[in-house]
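> With chain A's structure known, arrange chain B on it following the hints.
Single-letter residue listing:
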Amino acid sequence: GAGVSQSPSNKVTEKGKDVELRCDPISGHTALYWYRQRLGQGLEFLIYFQGNSAPDKSGLPSDRFSAERTGESVSTLTIQRTQQEDSAVYLCASSPSGPLEQYFGPGTRLTVT
Amino acid sequence: EDQVTQSPEALRLQEGESSSLNCSYTVSGLRGLFWYRQDPGKGPEFLFTLYSAGEEKEKERLKATLTKKESFLHITAPKPEDSATYLCAVQGHTGGFKTIFGAGTRLFVKA
Chain A
18 GAGVSQSPSN
28 KVTEKGKDVE
38 LRCDPISGHT
48 ALYWYRQRLG
58 QGLEFLIYFQ
68 GNSAPDKSGL
78 PSDRFSAERT
88 GESVSTLTIQ
98 RTQQEDSAVY
108 LCASSPSGPL
118 EQYFGPGTRL
128 TVT
Chain B
117 EDQVTQSPEA
127 LRLQEGESSS
137 LNCSYTVSGL
147 RGLFWYRQDP
157 GKGPEFLFTL
167 YSAGEEKEKE
177 RLKATLTKKE
187 SFLHITAPKP
197 EDSATYLCAV
207 QGHTGGFKTI
217 FGAGTRLFVK
227 A
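These protein sequence lines are chains A and B, in that order.
Residues 18 to 130, numbered by my numbering, are exactly what the first sequence covers, in order.
Residues 117 to 227, numbered by my numbering, are exactly what the second sequence covers, in order.
Only chain B is shown next, with the shape it has when bound in the complex:
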């Protein structure tokens, strides 16, 4: 069964303090791994798709990386506006297009 585990559950950073969020996954043949950002009371907002181990993608202060077992979302010099819940999700080749989401990491960035 496809599974996604995110850690830590919550992360508190000072502005400018870089860190990483972890997403460990188990899937029967990875079709794609996705990162989303969710602000309170809103639907998730797409950030990245990663398809194969070794792939990296960047957007502003965020960089996502992928290995065969996990993905990291690196946040460089975060700002208070980066505070949100970050969700990781996977699609496997054997699950149709069913998407499995992790529980998320709540990030708080203090000025």
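Chain A with its partners taken away, still in its complex shape:
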């Protein structure tokens, strides 16, 4: 079956511009996570969605970051007024339920110039 997909695969933007990253989870997966991975580093938790519950936004680094998810489908991560330190790979993962294994997409590589 289809795995987690993310788009775009690469995004180059100028400092100060807004960007929107998209994640299509595996069908039927109720949980969805966003992570940031800087070069050579581990994954940094950003936000978690579980069904219709309020999302866990505790990992968002600033109010420039926001994410939405409609039901158990597509999610978008928006970064406003991008800064060079936002350059990273943004990974999305979905899970059949919260405490189980996560299935990751290929990531979106964001470069802020």
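Incorrect hints may have been included.
Label-pair distances were calculated between CB atoms; the ranges are [stated by the list, open to error]:
# : chain 1 : residue 1 : chain 2 : residue 2 : range
1 : A       : T130      : B       : G145      : 42 to 52 Å
2 : B       : T210      : A       : P113      : 15 to 25 Å
3 : B       : K173      : A       : L56       : 26 to 36 Å
4 : B       : E161      : A       : S90       : 17 to 27 Å
5 : A       : R55       : B       : F224      : 17 to 27 Å
6 : B       : E125      : A       : S44       : 15 to 25 Å
Rough simulated footprint, nothing fancy, chain A against chain B, three-plus residues with beta-carbon under 8 Å [said to hold, decoys possible]:
# : segment
7 : 134-140
8 : 185-195
9 : 216-224
Note that these hints are calculated values from the structure, not bench results.
Even for Gly, the Cβ is constructed at its ideal location relative to N, Cα and C.
Just chain B, lined up with the frame of chain A:
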């Protein structure tokens, strides 16, 4: 605060040379400890979930074990295709479903 520390940062092995990767963790009530494999330019691939101390799981040349403070990923007779970054992660009962990842161990296996 939940924390995960992995060691070593990098490990170079000859093909067939068995070794272990370490994951030390601090968490308020372990919900689950996870091991993932990540190849360059790709998202992590799930390997194992461990839930309680004493639990062990195996998959091909990999075996994961868990104590109350750490987990080991044992690699038996590795092959060059086992070269990757191995990531350890935890979820605690008090952190919702927030998952904390370690920085990973980069494994290089030479033929």
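> Quick one: see if chain A covers the segment 185-195 of chain B, three-plus residues with Cβ-Cβ under 8 Å.
violated (count 0)
> Quick one: are A/R55 and B/F224 within 17 to 27 Å, going by C-beta?
21 Å, holds
> CB of B/E161 to CB of A/S90, is that within 17 to 27 Å?
23 Å, holds
> Taking beta carbons only, do three or more residues of the segment 216-224 of chain B come closer than 8 Å to chain A?
That given contact holds, which follows from 5 residues of the segment 216-224 of chain B lying within Cβ reach (below 8 Å) of chain A.
> With 15 to 25 Å as the target window, see if B/T210 and A/P113 comply at their CB atoms.
22 Å, holds
> Is the listed coverage of the segment 134-140 of chain B by chain A valid when you require three or more residues with a beta carbon under 8 Å from a beta carbon of that chain?
Coverage by chain A is violated here, the residue count being 0 at a Cβ distance below 8 Å.
> Would you say the C-beta atoms of B/K173 and A/L56 sit inside 26 to 36 Å of each other?
Holds, since B/K173 and A/L56 (Cβ atoms, about 31 Å apart) stay within the stated range.
> Could one say that the CB atoms of B/E125 and A/S44 fall in the range 15 to 25 Å?
With a Cβ separation near 37 Å, B/E125 and A/S44 fall outside 15 to 25 Å, so the hint is violated.
> Between the beta carbons of A/T130 and B/G145, is the distance compatible with 42 to 52 Å?
Between A/T130 and B/G145, where Cβ atoms are some 44 Å apart, the hint holds.
Checked against the numbered hints listed earlier, the structure breaks hints 6, 7, 8; every other hint is satisfied.
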